[in-house]
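Using the sequences provided together with the hints, build the complete structure.
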Amino acid sequence: MKLLKSILMGGALFFGLSMSAIAADPVKVGFVYVGPINDGGWNTAHDKARLALEEALGDKVETVFVENVPEGPDSERVMTQMALSGADLIFTTSFGYMDPTLNVAAKFPNVKFEHATGYKTSDNMSSYSARFYEGRAIQGHIAGSMTKSNIIGYIASVPIPEVVRGINSAYIHAKKVNPNVEFKIIWLFTWMDPAKESDAAKTLIEQGADVILQHTDSTAPLAAMQAAGNVIGFGQASDMTEYGPSPRVSSIIDDWAPYYIERTKAVMDGTWKSQAVWHGISTGMVGIGEITDAIPEKVRAEAIALQDSIVSGAYHAFTGPLNKQDGSPWLASGETADDGTLAGMTFYVEGIKGKVPN
Amino acid sequence: MLTGNGMIRLEKRPQPSKKWTSITPFLAVLATMFVGGIMFWALGKDPIEAIRIIFWDPLFNPQFASYARPQILVKAGPLILIALGLSLGFRANIWNIGAEGQYIIGAICGAGVGLAFYPSEGWFIFPLMVIAGALGGFLWAMIPAILKIKFNTNEILVSLMLVYVAEKILVSVSLGLMRNPEGGGFPGSRNLQYYKAASNPELISGTGMHWGVLVALTLTCLTYIMLTKHTLGFQIKISGQSNKAARFSGTSPSVVTAICLGVSGALAGLAGLFEVSGPSGQISIDFNVGYGFTAIIVAFLGRLNPFGILLAGLLMALTYIGGELAQFMLGLPAAAIQAFQGMLLFFLLAGDILTNYRPKFTYKKRL
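Residue numbers (the numbering used here), protein chains in the order written: chain W, 660 to 1017; chain F, 39 to 405.
Calculated from the structure, these hints are not laboratory results. A quick note: this is a predicted structure, and the numbers were derived from the prediction, not measured. A couple of the hints might just be wrong.
Stated by the list, open to error - Restraint-style ranges between C-beta atoms, simulated for each label pair:
hint	chain 1	residue 1	chain 2	residue 2	range
1	F	SER210	W	LYS1012	18 to 24 Å
2	F	LEU68	W	GLU901	41 to 47 Å
3	W	ALA711	F	PRO54	55 to 61 Å
4	W	THR1005	F	SER60	55 to 61 Å
5	F	ILE207	W	ASN839	35 to 41 Å
Claimed, not checked - Computed cross-link-like contacts, PhoX-like style, restricted to lysine-lysine with a CA-CA straight-line distance of at most 20 Å:
hint	chain 1	residue 1	chain 2	residue 2
6	W	LYS983	W	LYS1014
7	W	LYS807	W	LYS843
8	W	LYS707	W	LYS924
9	F	LYS206	W	LYS855
10	F	LYS206	W	LYS1014
11	W	LYS932	W	LYS779
Unchecked claim - Chain W stretches covered by chain F per the calculated footprint, using a threshold of three residues with CB under 8 Å from any CB of chain F:
hint	region
12	725-735
13	751-761
14	808-821
Each residue gets a CB set at the ideal place from its N, CA and C atoms; glycine is no exception.
The following block contains the structure:
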């Protein structure tokens, strides 16, 4: 009995020591993903950035991740265990991780936390997000130019401001080039469910849509468009070039790598500070995937010009005159939307049919 | 029976073997460790280390144990509570597959009561929520019960379909009725963890013990007593064995159906309420994470025996928590952990063969 006890103690001591020895050297960065790393979209983009971080900093950094973590108490437990295992910096990459991240950050004041796409921060918890709506403006322009049926389908995920913003931005720019355009929007209330996404794409195609935009994470909609033949769409979060040159004619790419590298370096040299960042195309956090030959030269040039004007700051995707859906005025001519309104956007702009679910 | 003229013949036992019933769960765990170990090895990981991280580290590693041990209770609590209720019906051949829906409705009703009182304080608010949670789950389960009693519909289908209805209601209230007015336009209710009168906190710091865990442990004992000492336990068992015999002994199948579905619904509703007011904190679109379905596995893993369910719930929770550790300590993919959990169930059910059949070694005679 005594022998057993001492063996166990020795073992425990050994593991404990070897752990802390590892933790002392390279900076340990943890990632919590809401879906599988091979979803081809959102989670793949984050994991690609994790690998880029490893590549950039070599053996000065050690990364760990857990995939398929449900939002809620399970995520809180995963983050806590990561912090206990000696992580110095933890990226929590889904909106629903916000309150759990806040709770865990309060318990581990020496660990830094970075939460994606939320609105809460604390002394050791930053929030970071991307202005995907800038990319939606370009997609809207292409969609409005390309549609022959004048019906554009939109596979929407969860009705949070980010998604509503994307719909509005795409609609405004589609309408600008094609006043007859109509949006058909299907809400799935989930970020990723390939079966539902595929069904939604098929339904939209049956309703006459010949361009489909998606705000869900998998490649299932593009597969459905490919099967249908004469429908075009866009890569979401990852480039999804495997569906190019058509149906995937361009994409919004989430490029988190520069941010992850920058923040990890900040932890290394002790300059990390809590912040709330919202970067767009200009810093590269939002990338526009190559516009393929399936799009006529003229439209391609217009789209690139639009992208350039957003990057230079000459143009804002929400520029008045714009009315809200109920006809009440929102932005006067030439006025641009402020970040506060955009961050909490729960209304459609004038012309979109249907209601934001509530 | 399985192999005709091979080396091993299976002979049906007159009665399920008590000895094998208690041994097979342990054999299943060992077999899972062995085959799972081979899988981990094939994935290029050290199998001994992987098994150690999954089963040993959450309990005994000084770095994690003080946090992980209580978390096992937190994770196991709802599983045990729901599985206890389901096991009653499963004994009586009444198949409530929709505990997930009852869990959701219980959480919505309970949280709804709490949110209706916001921001007033009062000792009575939480007890009222508990009642509302149990009642919500009970009523949701009474739909398949009444349809079965009146029209002889199949409770498996009805209760399962009602899960999807409950999920739609959950989405609707997260976006509308219960949406946090200070939530910046995002879906989801207020966080009950920050509203003292309606929260279900850790009762003793560092133990993970909240009201839900306490109720689950208490009900484990009560269910055992009910099944062994009370007429109702007898009636449930006999209904499962033979409808005719049940009728002769004066048991009404309708009453047993109503009780089994009602009780399992109420317990699932309670589990939902304790979860939403405690570890989860808020009603949101993704509030449910499958406890209602996992509890079916737990009920069978525990052999429909209350104390077996208790152990099975704890074991299940251990594999979840150890599995997460293995993911970020060793870089094992989540799918490998799920396959590992699946193996556990597979070996356990396969082990049932030994409970119900006796292996006989025979030699083929040559002519």
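Verification of the supplied hints:
no.: 1; hint: SER210(F) <-> LYS1012(W): 18 to 24 Å; in the structure: holds (21 Å)
no.: 2; hint: LEU68(F) <-> GLU901(W): 41 to 47 Å; in the structure: holds (44 Å)
no.: 3; hint: ALA711(W) <-> PRO54(F): 55 to 61 Å; in the structure: holds (57 Å)
no.: 4; hint: THR1005(W) <-> SER60(F): 55 to 61 Å; in the structure: holds (57 Å)
no.: 5; hint: ILE207(F) <-> ASN839(W): 35 to 41 Å; in the structure: holds (38 Å)
no.: 6; hint: LYS983(W) <-> LYS1014(W); in the structure: holds (12 Å)
no.: 7; hint: LYS807(W) <-> LYS843(W); in the structure: holds (15 Å)
no.: 8; hint: LYS707(W) <-> LYS924(W); in the structure: holds (18 Å)
no.: 9; hint: LYS206(F) <-> LYS855(W); in the structure: holds (14 Å)
no.: 10; hint: LYS206(F) <-> LYS1014(W); in the structure: holds (17 Å)
no.: 11; hint: LYS932(W) <-> LYS779(W); in the structure: holds (15 Å)
no.: 12; hint: 725-735; in the structure: holds (count 10)
no.: 13; hint: 751-761; in the structure: holds (count 3)
no.: 14; hint: 808-821; in the structure: holds (count 4)
The structure fails none of the hints (numbered hints given earlier).
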